[in-house]
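As a plain string of letters, each chain reads:
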Amino acid sequence: MSVIFEKSKPGKNGFRIPDNGLKDMAELPEDLVNDGIDLVDVNEVDVARHYTALSKMNFGVDCGMYPLGSCTMKYNPKINERMAALEGFSRLHPFSGDSLSQGALKLMYELSVSLSEITGMAAFSLSPAAGAHGELTAVMIIKKYFADRGEQRRVILIPDSAHGTNPASVAMCGFEVKEVPSTKEGDVDISVLEQMTDENVAAMMLTSPNTLGLFDRNITVIADILHRNGALFYGDGANLNAVMGVAKIRDMGFDLMHINLHKTFSTPHGGGGPGSGPIGVAPDLVKYLPVPVVRKSADGYFLDDACPASIGRVHSFYGNFLVFVKAYTYIRMLGAEGIRNACEHAVLNANYLLAGLKKAFNLPIDRTCMHEFVLNDEGMPNGVTTNDIAKRLLDYGFHAPTIYFPLIVHGSIMIEPTETENREMLDRFIEIMISIKKEAGENPEMVKSAPVQTPVKRVDAVLAARKPVLKWEK
Amino acid sequence: MSFVSNNKTDEKDMLKRIGVNNIEALFADIPEDIRSTGGLGLPEALSEIEAEKLLRLMEKENRPRLSFLGGGVYPHYIPAAVDQLTLRSEFYTAYTPYQPEVSQGTLTAIFEFQTMICRLTGMDVANASMYDGATAAAEAVLMCLGMKKKRRVVISHALHPHYREVIKTYAWANDITPAWAECAGGVTDVAAVRALLDDDTGAVVIQTPGFFGCIEDVAAISACLSEKKIPLIVVVNEMVSLGLLKSPGQLGADIVCGEAQSLGNPVGFGGPLLGFMAAKKAYMRKMPGRFVGKTLDADGNTAYVLTLQTREQHIRREKATSNICTNEGLCALRAVIYLSMVGNRLRDLARLNHSLAAYMKKEFSRIGCEPLYESPCFNEFTVKIKNAKSVLEKLSQQGIVLGLDLGDYQENLTDAVLVCCTEEKTKQDIDAAVAAVKAITV
Chain Z
3 MSVIFEKSKP GKNGFRIPDN GLKDMAELPE DLVNDGIDLV DVNEVDVARH YTALSKMNFG
63 VDCGMYPLGS CTMKYNPKIN ERMAALEGFS RLHPFSGDSL SQGALKLMYE LSVSLSEITG
123 MAAFSLSPAA GAHGELTAVM IIKKYFADRG EQRRVILIPD SAHGTNPASV AMCGFEVKEV
183 PSTKEGDVDI SVLEQMTDEN VAAMMLTSPN TLGLFDRNIT VIADILHRNG ALFYGDGANL
243 NAVMGVAKIR DMGFDLMHIN LHKTFSTPHG GGGPGSGPIG VAPDLVKYLP VPVVRKSADG
303 YFLDDACPAS IGRVHSFYGN FLVFVKAYTY IRMLGAEGIR NACEHAVLNA NYLLAGLKKA
363 FNLPIDRTCM HEFVLNDEGM PNGVTTNDIA KRLLDYGFHA PTIYFPLIVH GSIMIEPTET
423 ENREMLDRFI EIMISIKKEA GENPEMVKSA PVQTPVKRVD AVLAARKPVL KWEK
Chain P
8 MSFVSNNKTD EKDMLKRIGV NNIEALFADI PEDIRSTGGL GLPEALSEIE AEKLLRLMEK
68 ENRPRLSFLG GGVYPHYIPA AVDQLTLRSE FYTAYTPYQP EVSQGTLTAI FEFQTMICRL
128 TGMDVANASM YDGATAAAEA VLMCLGMKKK RRVVISHALH PHYREVIKTY AWANDITPAW
188 AECAGGVTDV AAVRALLDDD TGAVVIQTPG FFGCIEDVAA ISACLSEKKI PLIVVVNEMV
248 SLGLLKSPGQ LGADIVCGEA QSLGNPVGFG GPLLGFMAAK KAYMRKMPGR FVGKTLDADG
308 NTAYVLTLQT REQHIRREKA TSNICTNEGL CALRAVIYLS MVGNRLRDLA RLNHSLAAYM
368 KKEFSRIGCE PLYESPCFNE FTVKIKNAKS VLEKLSQQGI VLGLDLGDYQ ENLTDAVLVC
428 CTEEKTKQDI DAAVAAVKAI TV
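First to last, the protein sequences are chains Z and P.
Numbers 3 to 476, taken from this note's numbering, label the letters of the first sequence in order.
Numbers 8 to 449, taken from this note's numbering, label the letters of the second sequence in order.
Be careful, since some hints might not be right.
[Unchecked claim] Chain Z is nowhere near these chain P residues, computed Cβ spacing over 10 angstroms in every case:
no. : residue
1   : Asp206
2   : Cys231
3   : Lys235
4   : Leu251
5   : Arg373
6   : Lys391
7   : Gly414
8   : Glu418
9   : Asn419
10  : Ala439
[What the hints assert, rightly or not] The calculated label-pair distances, taken between Cβ atoms and stated as ranges, are:
no. : chain 1 : residue 1 : chain 2 : residue 2 : range
11  : Z       : Arg230    : P       : Ala305    : 55 to 61 angstroms
12  : Z       : Ala463    : P       : Ser233    : 36 to 42 angstroms
13  : Z       : Glu89     : P       : Pro50     : 21 to 27 angstroms
14  : Z       : Ala50     : P       : Ala305    : 43 to 49 angstroms
15  : P       : Gly414    : Z       : Gln154    : 39 to 45 angstroms
16  : Z       : Lys476    : P       : Leu94     : 28 to 34 angstroms
17  : Z       : Asp307    : P       : Ala87     : 35 to 41 angstroms
18  : P       : Leu94     : Z       : Gly443    : 54 to 60 angstroms
19  : P       : Ser233    : Z       : Glu89     : 46 to 52 angstroms
20  : P       : Leu94     : Z       : Arg468    : 34 to 40 angstroms
21  : P       : Pro50     : Z       : Pro310    : 32 to 38 angstroms
22  : Z       : Gly399    : P       : Lys236    : 50 to 56 angstroms
[Unchecked claim] Pairs of lysine-lysine, DSSO-like flavour, derived with a Cα cap of 27 angstroms:
no. : chain 1 : residue 1 : chain 2 : residue 2
23  : Z       : Lys361    : P       : Lys155
24  : P       : Lys155    : Z       : Lys180
25  : Z       : Lys476    : Z       : Lys450
Read the hints as simulated data drawn from the structure, not as lab findings.
C-beta atoms are modelled at their ideal positions from N, C-alpha and C, and glycine is treated no differently.
One chain only, chain P, in its complex shape (with noise of 0.2 angstroms):
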């Protein structure tokens, strides 16, 4: 296939035009010697018709029939509605909305991102998006501890493993040192932040629901940051959760930030995600990533553009407050597009996941697979399966992909399987599962 629409002639009266006598002339600046010969070493050119039947054969490879995974990206339900609006090409093919008077449709969606994000986090602000929960969480940190000047970051064994190793790694190129706070029954031990508190400490990190799918108390930990005046990042990597449960804002939280890929955007294999950021009023010019803001156009009408832009890159070079400059834009027209379309049934549709895992839970009970941890869960949790790793392998022989097992993840959790339900499952599924895991471990 070519998308190039010049022919032969359209070509010899340009060069014309240009002054030379071919297209090789054009790269004269090129040092003869680092100039290819030969040509690449990839394959020849296909039609579309032989690239689609070459990808369909590579998808046929990826076939689970039935998974339970979670961990930090949720497969939920894409109303129909997202998809054909996301495909306008007006949309998906645009650039970046520099030019405000082209870009009204990107801006204005982007707004009601902004919007959104604030009031399912409890925050006053929100940014247009970031890459993924696990640098938006480790933006925040950065930026917690630029505003103070301080080099170390208390971080909860609670939070995803992904994204602590994020964390690990923009923390080593910083300088900044974090320290592990331990868990408790699957949640953050209060005692153990406290403990680790210290005059050069410039922020706290928790998740919630927690890796492990158990909600923290948020207030808790809160409570015991306020003396010091340390700033609470609470990272969210389930939105849905917060259809339903109350927001870290209400709670005490300072910055609220994570994935949002449930709104609206597949699984994908893990990307492109949907990271986002939101905080109070105090944080707003130290904010990494794109603001767009409300204005009025010559004509004195309503009209939206990107703005406090002194914090960015573009601008501010080596002084800005990040490097980001594109973030996940479409994924985030995308979740402003299911978030309209789900509205405030958000809250019925969260509730209806946290049902859907709490029935599996009891029935996993019923085969004697207890939940590893009594903390109340939102759409994930943690079950005890005895020879958890077999069982497992057994079960995705069989096309079905039970959870994650956590054995990978930390050596006192083998046998333990993290298991999330959302609304795409229904009862038979849950049955199907355990049905399947009672004829292995029995």
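Only chain Z is shown next, with the shape it has when bound in the complex (with noise of 0.2 angstroms):
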């Protein structure tokens, strides 16, 4: 597929910029001036068949399915997209002041009410622009409130199943990360949490249900565990969609935790962002929120940022309004009883595949699972490995589970359907795995080869970050 760069040519740029009633008033001194730039010259008509070309060459949820544990690709509304794109909204600059900005702190705030209702938490700040950024901007609160107590403490615990992000966020803080094992079934092992669990522990961070889409049966006795030790408890809230309407984080134990609105709030993922990953907190901790907050007074809405205990500002302005529209649309739409109700469907579907898939494929913890499970690669015939299933999988124009994550089970696939699939879907997606099950037994070629229905083939990724080329040039 040929670049934007290869289609330029001189003469061909037919974008026209006005005058804007204006002859040139330019005053700048010749030694600021460049002597011209190299983009692109092309046309229009080449733009819009360029772009159009490289779309059909991408998958996304409005083709078929994602069964991405951990990602919780459902469906878009494609409302949110109208809404996001109201002028009142995406024209709204954010330095015009509270008085011409109700309409969007009113969106804030009412989402931030919203988010702690579902979660039980007592405040939400919106700021943090991915889940990430939110995990950093909370392990930070997490220093804050012990270097206010005067205690120094070292070490973050994560489990040997945590997301990458999570020990990622822990040291851009300078904190240690100690890793807590889990036990065959899946839970927390307890009992070297209890030993691990000394003056140095600041907090513990867990993603809940964990990230083998079990429910930690523990959980209160994890907490219980922290809090007697006067350590605190976070919760990545990656998997919100297993829990939403049918149990709060809060009253698991957690003191703080972060939202993925690009997951559980239908946010589209745009290939990379932009997501946002609002922070909520314990009522203990809401004074350490970044700036600035949005509140509410008899005179209406506003943001303060004489927030005296705040860690300060996490992002240059507000966070991700407009994907806040997206997801405040989505939480109106589908109320109370839907919220539950998605949350209900998205554990229904995966263990309805559980069911369909533990018979053909290794299950290495046998329990009911929560929104996504995991199987892998152990006992596939003729070396067929997880990646090679991933890749055969694309041909039946399914996007690939999750693979290789978490590290603690073995070329791990990880599927999480979510509520939009339906049961015709699922029930195909069952009969493909077990279609290339049978293909790795009898044509393990075809496993191995694959993908050959793909715009490209297998991709060499080694080649690629043995001789890294990351621009073009002619």
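Got two chains here, each in a separate frame; can you build the complex from them with the hints?
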């Protein structure tokens, strides 16, 4: 596939710049001005065709199912895009001042209140621009909390099943990471946790349900161990889709958490963002939330940055506002019942896939799952691997599941259908997975050389890393 | 509205196949005493029709007629093709391109974005995006200081105040000490920078054009750092300026980072934005964020793939260069489509921006509102207006937002307003605004 630069030719550019009623009034000294720029000269026709062609080489949720564990690739309602494009939102400058921004501030306030109600947390900040950003912000709050108490706690515990952003966020804040093992049943090993929790431990980060898609049956015991030790309990809310409306994160004992709006609340993934990672906290920690905070008074809504205990600003403005518009629209459309219903069907769909696949594939931990579950490639014939299975699924019009994560399951295949897949699609997925297993036995080359039906064949990632070419050159 | 299409019959069949009597049984692992009784305290479900009505009511409450606000986020014209092509659902409903064989659309576009950012900034490598200019700057500081194991960073007072605050937050979290270099005449005082340098300084951060609108002397600052080999981080938050101004790379920057929202993205009440980071080759393996690289597929055809992933959190975990995962992918796509549409005419567009601002500056002078600084500006400048706060308030009531009251940011800048003109403005808009100011200040 060619790049736009290859379509460039002098004279092609038809983009007209108006003079806006002015003759050139430039007053810039020569030594500040460049000799010219080298982008492209193409016509709108080229642009339309080029990016249309590119889009046809992409797979999106509208093309088919993404059974990606931990990503919650649910359907993105189209109304979200229309609402985010409303000019009163998209053209509103963040420096417009409170009196001219009441609608936007009201939306942010009500969204925060909704997220608090769903999770049981006392208050939310919408500033973090992604889940990892939310994690980092929360770790900063943990740091400030202990600094204020004059306690020098250097360690944050994470389970061996943690998502990579967890230890990375911890390290970005100057804490030391210590790993807590999981049991064979997929719960945190409580006895080891007890031993590891000492006066040096500031907090534990845990995803709930965990990254195996299992609800840790000892969750309140974990919280208790940490709290007795004066430590805080952070919840990675990536899997909120599995519990929303059924149980509140705060009730599990968590003191702070993040949410991924681009997972649980249907905002589109965009090929890598924009996301949004609001953080929610227990009452004691509210004062540490980043500024500005959206508040409501008798006169209306306003942005408050006079919060002396706050960790400070973490974003140039207020977070990814147009993403809030989409999440808010979704939450209002679903309503209280719809949120619970979505959760219940997410869990139903996952268990249905589990029931259909557990005979054909190895299931490392045989328990009722929540919204996702983990299989692996143990016992696959002819040395067919998880990666091969993933690639072969692409040939059948499915996106691959999450593979090789969590790390505690070798060759992990993590499957999360979400509630927006219908039964017919789930049946087809089961059918295709079983037929791939059959192919692995009877015709392994088909699986090992997959994909063959996609716009490009299996891509050489090793070459890309060995000889990095990160931009186009003539 | 519901997006669940299984009906009650499906539900029954599925439960049977699973081997349980009801959905509730699937939640058995959640202890009874933490399961919610009663429904969520949220409003009832709405139809799409009602949801739209509700959102439109909220939208109506935000309505300035005319705004000259800039200050890190700039209202530029967005060609229709950008909106329409980005609405192709294969782009916006796609996941991160971890399976390259079905993501060549996303990957190719990001590769193009990386290329264009390098060309505009004069750098060797650029990543797939950061959250915004402020966090891009903060992570650039962490990168430089981490590489040299230093604990101090010198930052210009002409860096956007919100960016300074975000760097402060990240610095505090990492036991890094920021030192602030004063400005003179609206630009960084080179002597002030030189005086602050010591053996523990790991980087210097400036912004051009600076927060007050003035173009920095990047070469002079770069020169004073070369002896101690301290890296210069140049922040750009109005990328259209690079259509006309010399690139920071040409002038001695080691890292160029900042905000690319100007390129095809709406102001959106401050988000989503489009952070970017570009650097000289030596920084490649230490940079945060995703990279798309060129490679081949099994048939020997050109293909694109996420690469150098061993820097990243999913592989290196606590040793990763950053925790960043989801970034601003779709905003980067908008930027690359925008830059493809405008192309090399970006230079003319930049010239127009500058001309409009120059015209407004001149018109302000005619009514006795002089510019605060003499230094050349791009499309933003600081103007002196007596009783600025009250003038701005009165204009706001007329639906005109003249600019940013700098008195809110610095004590000695009361009666100074930061005003921005992009190509969205016409001569008539400017004349109307200036006339309105004249009517109030007379």
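These are the hints, each one checked on the structure:
1. Asp206: holds (22 angstroms)
2. Cys231: Holds, because the least Cβ-Cβ distance between Cys231 of chain P and chain Z comes to about 18 angstroms, which exceeds 10 angstroms.
3. Lys235: The claim stands: Lys235 of chain P keeps its Cβ more than 10 angstroms from every Cβ of chain Z (closest is about 26 angstroms).
4. Leu251: violated (6 angstroms)
5. Arg373: Holds, since 14 angstroms exceeds 10 angstroms.
6. Lys391: holds (19 angstroms)
7. Gly414: Fine: 14 angstroms to the nearest Cβ keeps Gly414 of chain P off the interface.
8. Glu418: holds (16 angstroms)
9. Asn419: holds (20 angstroms)
10. Ala439: Label holds. Min Cβ-Cβ 12 angstroms, cutoff 10 angstroms.
11. Z:Arg230 to P:Ala305: 55 to 61 angstroms: holds (56 angstroms)
12. Z:Ala463 to P:Ser233: 36 to 42 angstroms: holds (38 angstroms)
13. Z:Glu89 to P:Pro50: 21 to 27 angstroms: Once the Cβ atoms are compared, 26 angstroms apart, the range 21 to 27 angstroms for Pro50 of chain P and Glu89 of chain Z holds.
14. Z:Ala50 to P:Ala305: 43 to 49 angstroms: violated (31 angstroms)
15. P:Gly414 to Z:Gln154: 39 to 45 angstroms: holds (41 angstroms)
16. Z:Lys476 to P:Leu94: 28 to 34 angstroms: Since Lys476 of chain Z and Leu94 of chain P have Cβ atoms about 32 angstroms apart, the given range 28 to 34 angstroms holds.
17. Z:Asp307 to P:Ala87: 35 to 41 angstroms: holds (37 angstroms)
18. P:Leu94 to Z:Gly443: 54 to 60 angstroms: violated (44 angstroms)
19. P:Ser233 to Z:Glu89: 46 to 52 angstroms: Once the Cβ atoms are compared, 48 angstroms apart, the range 46 to 52 angstroms for Glu89 of chain Z and Ser233 of chain P holds.
20. P:Leu94 to Z:Arg468: 34 to 40 angstroms: About 37 angstroms separates the Cβ atoms of Leu94 of chain P and Arg468 of chain Z, which means 34 to 40 angstroms holds.
21. P:Pro50 to Z:Pro310: 32 to 38 angstroms: holds (34 angstroms)
22. Z:Gly399 to P:Lys236: 50 to 56 angstroms: Roughly 54 angstroms apart at Cβ, these two residues keep to the hinted range, so it holds.
23. Z:Lys361 to P:Lys155: violated (54 angstroms)
24. P:Lys155 to Z:Lys180: Distance of about 26 angstroms is within 27 angstroms: holds.
25. Z:Lys476 to Z:Lys450: violated (35 angstroms)
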